[in-house]
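Residue numbers (our numbering), protein chains in the order written: chain A, 1 to 182; chain B, 1 to 266.
Read the hints as simulated data drawn from the structure, not as lab findings.
Built from N, CA and C at the ideal position, the CB exists for glycine as well.
Don't take every hint at face value.
As the list claims (entries may be wrong) - To list a few chain A residues with every Cβ distance to chain B over 10 angstroms, as calculated: (1) A122; (2) G148; (3) H151; (4) T164.
Stated by the list, open to error - Facing chain B, according to a computed beta carbon distance under 7 angstroms, are these residues of chain A, among others: (5) Q24; (6) A26; (7) A29; (8) A68; (9) V126; (10) A144; (11) Y145; (12) L180.
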Amino acid sequence: MSSADRNPMPSDLALVAAIRSGNQEAMAALYDRYSSVVYPVALRVLQNTSAAEDVLQDIFLQLWRNPAAFDASRGNMAAWLAVIARHRAIDALRRRKPEDDFENVVLSVQPDLALDADRARAMTKVREAFDAMSPSQRSALEMAYFEGLTHAEIAQKTGEPLGTIKTRIRTALLSLRKVLAV
Amino acid sequence: MSVHEQFAEDLPLYALGTLSEDERFALERHLETCPSCRRELEVMRGDLAVVALSTTGPKPPARSRERLLAAIAEQPRLAAPLAVPTSANALRRASSGWAVLRWAAAAGLILIVTGLIRQNSSLERDLASLKTRFGGQESKLQQANDIVAALVDPESQKVELVAAGNKPQPRGKAIYQRRNRSLIFFASNLPPLPREKIYELWLFPSSGGAPIAAGLFKPDGNGSATVVNPPLPEGVAARNFAVTLEPESGSHESPRGTPVIMGIGE
Numbered sequence: 001m002s003s004a005d006r007n008p009m010p011s012d013l014a015l016v017a018a019i020r021s022g023n024q025e026a027m028a029a030l031y032d033r034y035s036s037v038v039y040p041v042a043l044r045v046l047q048n049t050s051a052a053e054d055v056l057q058d059i060f061l062q063l064w065r066n067p068a069a070f071d072a073s074r075g076n077m078a079a080w081l082a083v084i085a086r087h088r089a090i091d092a093l094r095r096r097k098p099e100d101d102f103e104n105v106v107l108s109v110q111p112d113l114a115l116d117a118d119r120a121r122a123m124t125k126v127r128e129a130f131d132a133m134s135p136s137q138r139s140a141l142e143m144a145y146f147e148g149l150t151h152a153e154i155a156q157k158t159g160e161p162l163g164t165i166k167t168r169i170r171t172a173l174l175s176l177r178k179v180l181a182v
Numbered sequence: 001m002s003v004h005e006q007f008a009e010d011l012p013l014y015a016l017g018t019l020s021e022d023e024r025f026a027l028e029r030h031l032e033t034c035p036s037c038r039r040e041l042e043v044m045r046g047d048l049a050v051v052a053l054s055t056t057g058p059k060p061p062a063r064s065r066e067r068l069l070a071a072i073a074e075q076p077r078l079a080a081p082l083a084v085p086t087s088a089n090a091l092r093r094a095s096s097g098w099a100v101l102r103w104a105a106a107a108g109l110i111l112i113v114t115g116l117i118r119q120n121s122s123l124e125r126d127l128a129s130l131k132t133r134f135g136g137q138e139s140k141l142q143q144a145n146d147i148v149a150a151l152v153d154p155e156s157q158k159v160e161l162v163a164a165g166n167k168p169q170p171r172g173k174a175i176y177q178r179r180n181r182s183l184i185f186f187a188s189n190l191p192p193l194p195r196e197k198i199y200e201l202w203l204f205p206s207s208g209g210a211p212i213a214a215g216l217f218k219p220d221g222n223g224s225a226t227v228v229n230p231p232l233p234e235g236v237a238a239r240n241f242a243v244t245l246e247p248e249s250g251s252h253e254s255p256r257g258t259p260v261i262m263g264i265g266e
């Protein structure tokens with residue numbers, strides 16, 4: 001029997017349940033498991049380590065205060081936290097009050113990406129999808145998703161017509177869908 | 001291009017949060033009555049979640065962990081939530097003619113909307129008959145949407161008639177169709193919310209499983225409120241619905257507060 005069999009890692013739901021009862025060690029374990037998901041997203045958006053650390057702190061502290069905000073029906077925890085990190089980082093970037101409560105973030109992610117191997121496969125597919133996009137499509141999608149720009153702002157920044165930007169974003173998302181659906 | 005197709009084209013922009021406020025508001029109204037767009041949006045959000053999850057970069061510095069642990073040590077959590085009794089305070093069934101008519105109209109509209117949407121999907125597969133039938137169906141669907149919109153619009157005046165001399169009691173009506181996860185809930189005469197509290201609608205599965213959160217809401221000045229198609233799991237048969245008073249910023253995984261109104265399936 002391996003050591004992993006003797007001491008299986010607690011599931012996300014088990015950790016959340018322990019956090020609900022005030023277990024600080026469980027909170028630390030959840031942080032150790034997912035801070036490496038949250039922080040890179042915040043850093044990618046904010047391009048500032050100090051601001052990204054603030055977002056990281058804010059998200060896990062809110063999870064400590066309200067662990068019931070996460071339940072399995074809202075999607076797997078890694079993807080859920082990544083999306084919340086993106087939302088909160090863009091809110092910080094645009095210096096606005098957070099728009100979404102944790103409770104409002106519901107995801108449908110197939111397959112379940114709880115396992116590292118599944119996540120690694122998904123990351124490979126996302127890279128394939130981005131490589132297959134034209135540079136202008138990729139740039140429009142990245143400006144919208146990681147910079148939080150509206151399509152009007154992207155049009156202004158690039159000097160392209162609004163309709164062109166909309167089409168690029170739609171096409172980029174369709175390309176992503178095709179690759180992830182395989 | 002149909003109204004539905006125009007909205008469907010904007011879904012990627014909505015999923016990314018790049019629509020203007022007016023465009024977003026219009027699309028959200030459409031989403032309230034369009035299950036296929038809601039499903040499509042869910043898939044897009046899932047795809048975008050994978051994009052976020054695929055972001056690579058350095059690990060956070062060790063000081064972030066220390067800072068978090070110091071912060072949570074200063075904020076000990078409270079005890080676990082209380083269960084909600086399911087047999088108390090049963091909601092009295094609506095008895096006034098007005099209420100019966102309103103609920104019947106709303107139930108009928110749900111069936112009309114659902115039927116029309118299903119028909120429209122079929123029409124899309126059959127382009128030959130689309131030209132002759134879709135115009136009429138779209139007009140009816142728009143008409144039904146307008147009526148539903150009027151029912152749920154917070155600006156609409158809602159007056160409940162009761163026997164003269166009787167004080168209006170809090171009441172609610174949930175119209176639920178589990179096949180397509182449609183739920184419309186109306187409430188009236190609800191007491192004003194205490195500070196930092198919010199009402200929450202719950203679906204109690206007939207399987208006896210844990211209650212499912214079906215939407216947070218605040219009543220208007222007259223105590224009226226509406227919840228339309230909250231996110232719900234598929235195929236859950238409902239034994240009961242209830243509204244509880246919950247902390248505005250607290251847990252919504254299971255009911256904590258005392259039921260304000262409660263009913264039984266019809």
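Now for the hints, and whether the structure bears them out:
no., hint, verdict
1, A122, "5 angstroms, violated"
2, G148, "7 angstroms, violated"
3, H151, "5 angstroms, violated"
4, T164, "13 angstroms, holds"
5, Q24, "6 angstroms, holds"
6, A26, "10 angstroms, violated"
7, A29, "11 angstroms, violated"
8, A68, "4 angstroms, holds"
9, V126, "4 angstroms, holds"
10, A144, "4 angstroms, holds"
11, Y145, "6 angstroms, holds"
12, L180, "5 angstroms, holds"
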